[in-house]
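K.L.:
Chain by chain, the residues:
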Amino acid sequence: MALLAELTHRCPLKCPYCSNPLELERASAEMATGDWLRVLDEAAALGILQIHFSGGEPMVRRDLPVLVRHAAGLGLYTNIITSGVLLTDEAMTALLDAGVDHIQLSFQDSDPANAERIGGYRGGHDKKLAAATRIKGAGLPLTTNFVIHSHNVDRVGEMIAMAEALGSARVEIAHAQYYGWGLRNRAALLPSRDQLDQATAVVEAARLRLKGIMIIDYVVPDYFAARPKACMGGWGNRFLNITPSGKVLPCHAAETMTDITFPSIRDHSLADIWATSDAFNRYRGTDWMPDLCRSCDRREIDWGGCRCQALALTGNAAATDPACAKSPDHFLMAQAVGESRPNAELVARG
Amino acid sequence: MIGEDAVPRFGAGVKFRFDKVRDAWVLLAPERLFQPDEIAVEILKLIDGVHTISAIADTLAARFEAPRDLILADVVTLLQDMADKGVIRL
Ligand code: SF4
Ligand code: SF4
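Read top to bottom, the protein sequences are chains A and B.
Residues in the first sequence are numbered from 1 upward in steps of one, following our numbering.
Residues in the second sequence are numbered from 1 upward in steps of one, following our numbering.
Some clues are possibly wrong.
Within a straight-line C-alpha distance of at most 16 angstroms, the following computed EDC-like cross-link-like pairs (lysine to aspartate or glutamate) qualify [said to hold, decoys possible]: (1) A/Lys-14 / A/Glu-116; (2) A/Lys-247 / A/Glu-25; (3) B/Lys-20 / A/Asp-41; (4) B/Lys-85 / B/Glu-31; (5) B/Lys-15 / B/Glu-4; (6) B/Lys-15 / B/Asp-48; (7) A/Lys-229 / A/Glu-300; (8) A/Lys-14 / A/Glu-25; (9) B/Lys-20 / A/Glu-42; (10) A/Lys-247 / A/Asp-259; (11) A/Lys-211 / B/Asp-81; (12) B/Lys-85 / A/Asp-217; (13) A/Lys-136 / A/Glu-90; (14) B/Lys-85 / A/Glu-172; (15) A/Lys-211 / B/Asp-84; (16) A/Lys-247 / A/Glu-42; (17) A/Lys-127 / A/Asp-89; (18) A/Lys-14 / A/Glu-345.
Keep in mind the hints are simulated off the structure, nothing from the lab.
Work the whole structure out from these sequences, hints included.
P.N.:
Structure (structure tokens):
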């Protein structure tokens with residue numbers, strides 16, 4: 001089981017596909033260090049094994065090393081998901097000393113000018129390269145992450161080469177996901193079918209070449225698929241997300257479901273929320289499913305797909321994910337692809 | 001194919017530890033979690049960055065009073081698979 005701790009929504013970058021909600025939580029609403037320390041204790045007791053410190057940019061929180069140290073002391077596997085622009089020598093030393101296990105560093109593109117245009121942060125690319133060198137220098141495994149979309153998808157081969165040159169143990173090539181800011185920018189981000197096919201071919205060739213040297217994780221957009229992904233490995237099955245203010249969510253995009261009240265870790269224990277809250281039980285297991293899914297032999301493989309996507313595209317969170325070709329709403333995916341305007345102007349996140 | 005003389009070690013950022021909540025050994029790696037079966041656990045416990053694959057097979061063959069060839073084949077298969085997943089370095 002894994003916990004994604006969104007320590008803050010603050011971030012020096014402004015990626016137009018950011019998975020943070022359109023309504024960003026303010027710094028003044030963020031939980032204090034003590035609250036997070038309690039969350040970590042409760043998470044370990046609940047059987048959480050991995051903790052991902054994320055954001056926004058988790059490194060804007062000065063207490064990050066304190067939280068990492070506490071988590072490591074509990075035996076949790078600690079991962080930091082960062083843009084890297086704040087990873088100075090001092091910060092690296094503090095995190096290493098605290099016992100961090102792994103750092104995942106995101107890049108917006110292999111082309112510096114385009115990367116800085118997408119992230120909306122000048123000079124960011126060089127800082128990220130320096131961060132990669134620091135992570136490697138510290139002896140930590142490096143995962144580099146590239147979110148791809150119509151504005152950079154043609155450079156997938158260069159991104160993989162860059163990850164390799166930086167000495168990454170793993171590279172994630174993930175097509176943008178269409179929640180939050182990503183959904184708002186969907187038409188301008190969705191690649192064309194040709195772009196997607198070419199990127200996939202490049203990834204497959206690179207996988208063969210780099211077997212045993214660098215792992216390539218590749219996530220394709222649902223919009224071109226016939227079967228949905230097992231979103232979060234099933235709702236309330238093995239994943240928890242906590243927002244900066246302490247709301248506990250079964251998925252980082254769940255707040256789009258305005259009919260659910262997400263409990264706060266300030267008012268309840270993590271174990272209670274996990275076991276008994278309406279939020280976690282609403283789409284857990286298979287009972288909630290429409291007949292189409294409940295009678296399907298993939299029901300415990302993909303769990304009916306993504307609830308947030310079902311809601312965003314059909315208006316009904318309890319519908320079969322339209323990414324599934326069996327869904328009566330599947331045509332919506334093709335329609336979105338048809339309406340896409342690759343390389344059109346993007347709206348930067350707030 | 002990997003040789004008997006290779007010394008396996010855990011890759012950077014990989015943790016192999018006992019989890020009290022599950023009452024089981026777990027292998028934790030970046031974005032990955034494995035719950036190895038009993039045989040795999042016995043093999044992984046012997047990985048210390050010093051002993052060779054050959055030595056690991058000797059130890060297990062003696063402990064379980066099983067034919068060394070069979071054990072060696074199991075060890076090689078598991079470690080090759082783990083190496084491909086980036087968890088073990090050889
Ligand atoms: S996706 Fe971009 S804007 Fe959003 S938190 Fe990550 S680096 Fe910041
Ligand atoms: S019908 Fe439902 S369970 Fe079956 S493949 Fe489609 S989404 Fe998955």
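K.L.:
Would you mind marking each hint as holding or not holding in the structure?
P.N.:
These are the hints, each one checked on the structure:
1. A/Lys-14 / A/Glu-116: holds (10 angstroms)
2. A/Lys-247 / A/Glu-25: Since the Cα atoms of A/Lys-247 and A/Glu-25 sit roughly 11 angstroms apart, the hinted pair holds (cutoff 16 angstroms).
3. B/Lys-20 / A/Asp-41: Holds, at roughly 14 angstroms.
4. B/Lys-85 / B/Glu-31: holds (12 angstroms)
5. B/Lys-15 / B/Glu-4: violated (24 angstroms)
6. B/Lys-15 / B/Asp-48: holds (12 angstroms)
7. A/Lys-229 / A/Glu-300: Status holds; Cα separation ~11 angstroms.
8. A/Lys-14 / A/Glu-25: holds (15 angstroms)
9. B/Lys-20 / A/Glu-42: Between B/Lys-20 and A/Glu-42 the Cα gap is close to 14 angstroms, so the pair holds against 16 angstroms.
10. A/Lys-247 / A/Asp-259: Holds - the C-alpha atoms of A/Asp-259 and A/Lys-247 are around 15 angstroms apart, at most 16 angstroms.
11. A/Lys-211 / B/Asp-81: holds (11 angstroms)
12. B/Lys-85 / A/Asp-217: holds (11 angstroms)
13. A/Lys-136 / A/Glu-90: holds (15 angstroms)
14. B/Lys-85 / A/Glu-172: Between B/Lys-85 and A/Glu-172 the Cα gap is close to 14 angstroms, so the pair holds against 16 angstroms.
15. A/Lys-211 / B/Asp-84: Holds - the C-alpha atoms of B/Asp-84 and A/Lys-211 are around 7 angstroms apart, at most 16 angstroms.
16. A/Lys-247 / A/Glu-42: Given pair A/Lys-247, A/Glu-42 holds - Cα atoms ~15 angstroms apart, limit 16 angstroms.
17. A/Lys-127 / A/Asp-89: Distance ~11 angstroms between A/Lys-127 and A/Asp-89 Cα, so the pair holds.
18. A/Lys-14 / A/Glu-345: Holds: A/Lys-14 and A/Glu-345 sit about 14 angstroms apart, inside 16 angstroms.
The structure fails to meet hint 5 from the earlier list, while all remaining hints are met.
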